[in-house]
Amino acid sequence: MGLLENRLPNVGLFKLADKAVDWARLSSIWPVTFGIACCAIEMMATGMAHFDLDRFGMGVFRASPRQADLMIVAGTVNVKMAPVVKRLYEQMPEPKWVIAMGACGVGGGPYCKYGYNIIKGVDNIIPVDVYVPGCPPRPEALLDGLMRVQEKIRKQQVLTRKSN
Amino acid sequence: MQPAQIFEKLQAEGVAGLLEFAEGPIDPSILVEPDKLQEVLSVLKEHDDLRFDQLSLLSGVPYEDRFECVYHLLSTVLKHAIVLRVKLDAQEPSVPTASTVHPTADWHERETFDLVGIRFEGHPDLRRIYLPEGWVGHPMRRDYVDPEEFQGIPLTDVKREEWEAEEKAAKAAAAEGAASEEAAGSGSDGKAEG
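The listed protein sequences derive, respectively, from chains B and F.
Per numbering that gives the first Met the number 0, the very first residue in the first sequence carries number 0; after that it's consecutive.
Per numbering that gives the first Met the number 0, the very first residue in the second sequence carries number 0; after that it's consecutive.
These are calculated hints, taken from the structure and not from any lab test.
In the DSS-like style, the derived pairs of lysine-lysine whose C-alpha atoms are separated by at most 27 Å in a straight line are:
#1 F:Lys158 <-> B:Lys79
#2 F:Lys167 <-> B:Lys112
#3 B:Lys85 <-> B:Lys95
#4 F:Lys158 <-> B:Lys112
#5 B:Lys79 <-> B:Lys112
#6 B:Lys18 <-> B:Lys161
#7 B:Lys154 <-> B:Lys18
#8 B:Lys151 <-> F:Lys158
#9 B:Lys154 <-> B:Lys14
#10 B:Lys161 <-> B:Lys151
#11 F:Lys8 <-> F:Lys86
#12 F:Lys158 <-> B:Lys85
#13 F:Lys170 <-> B:Lys112
#14 B:Lys95 <-> B:Lys161
#15 B:Lys154 <-> B:Lys95
#16 F:Lys44 <-> F:Lys86
#17 F:Lys78 <-> F:Lys44
#18 B:Lys151 <-> B:Lys95
Since the model is a prediction, treat every value here as computed from it, not as a measurement.
Chain F on its own, in the form it takes in the complex (with noise of 0.2 Å):
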């Protein structure tokens, strides 16, 4: 079936929560309501002519003023593929977790959590997966820091920032001494300089 079919497919079963569909030459997407998610899941999961058995892919999207989180579903029985669409608060985004009717999912919302930041409700045991207990952030975010240090350890290449500021100095040097020469009208080749 192509996206376009289990959309209205979904429609015709009375499945609330739709709420547009939206077109696109890779990923057309069905954009669902937070709220209704775990409903629309076990529909897609359990329907004779749908049956999308695997959750192949849970992300967080942050974008400048809000966040998404894709979900793609695939069904090895009918060899069919969709991918559902949340949008989620910019502030304090939260959404139902997928692990009660996708297993699989529990693991991905740990992910998106480590390293995007939105809460996942009724997770049952929603913390950090890759990065250490006490890491302060969410480094996928657009206005992520990179921190100076952790837990004493130093992090940042202090020796390639001290050779980066000299040459940045050097070059400077070097332009200044190309635009003096010009302005005395030595006549020199000012391209060597660069």
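Okay, chain B solo, but in the shape it has when bound (with noise of 0.2 Å):
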């Protein structure tokens, strides 16, 4: 928040100033279109009618990187693809936040052994806040890991003093 970032004390209406901001934080998460592979048909049902995510505040995934503040690895990420992987989180403005989605984003997947060019976890190039196990993981198991990202907002503490 810039000039106010950790600034208030952490007492009465300042917690509940840092309470609103961690709930339009959490209810308007907007997710970058970013499925590389397989994952990213599971994703998209993610977001589709069934298991819808309008209903989450994250129905709107934003094609360019900086409106965006979720970036959700979907799918295998090759030794080629890795440097436009960080580009793209680099490209992300704060406050953003990660979801390794995926055997593939975890710990290679399938090609953890074998495979001389994945990139066994996508946690190798960029830091991660949420992994998401399956191959593919069901849309429930997706919205339990949306879910927890929006614990870990809910968590933060933005407008007041952390204290030591």
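Take the two lone chains and join them into the complex the hints point to.
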């Protein structure tokens, strides 16, 4: 929040202000369209009618990383794709979160032993907040992961001072 | 036309560079000399009875003592198919490009160069197509060793290797425990330890 970040004392109304900011952030997390491989299909399924993402406020997938808060790395990351993932992550403005979706993003997936061209887990390139295992994870699992990101945001102290 | 008939037709036309005809249950193939490859391919393409206008597959095969390049040709007009093979040197495999006759060979030869390391002379743009630039080695060769990292990005799965080492140690300890129990003659059920 710039000048106001972690400045206010952690009492009363300021706590409420914190909660309001957190609530605003977690109710409108805008993901960037980053479906690389098969997990993208499950991500699309989660966004579609049956397992709606729009009711969480996450229905708008932004095409540009500069307008997004969340990067769902859905799919296998090659060595050739790794600099692109890093560049797109760095283009996202703060605050930003990352979900590693699927076995490939979590730890290399089925390619973890003999895949010479695969990054074994996207956390070798960018910092990850939530890991969603599965190959591919069911939409309910991805929704669980997204709700955990919401929990993470809910606990953040944005305006109030953090106690040592 | 059957593959044997195609071979006889080529021989009757006086095409040079045909070495032998290899019978086989799946793909009877014609072994061709590397230098005469482009000539054989253009005869196969242009002759009225042969008309092999499609190169469906071009692949490099690494054996222990040599490399081979295999060409699957298909005729969409006359509906027959043939396989050509070229035997290459083990140290520096190199063959004239097929892209002058069949332009689709361009990317197939780039793939073969990328993964197996066969050089194609006369190719317009021979560089890697799957692996990133700066990758060292050709992964589909028999002596290839997976790299540990590439330009700073780690490529080994450290956590899985540690876990596998722990499992091995635990199994070895369990086997030792079972062996010492049997030696002591305790009479317990040895199978349960495995």
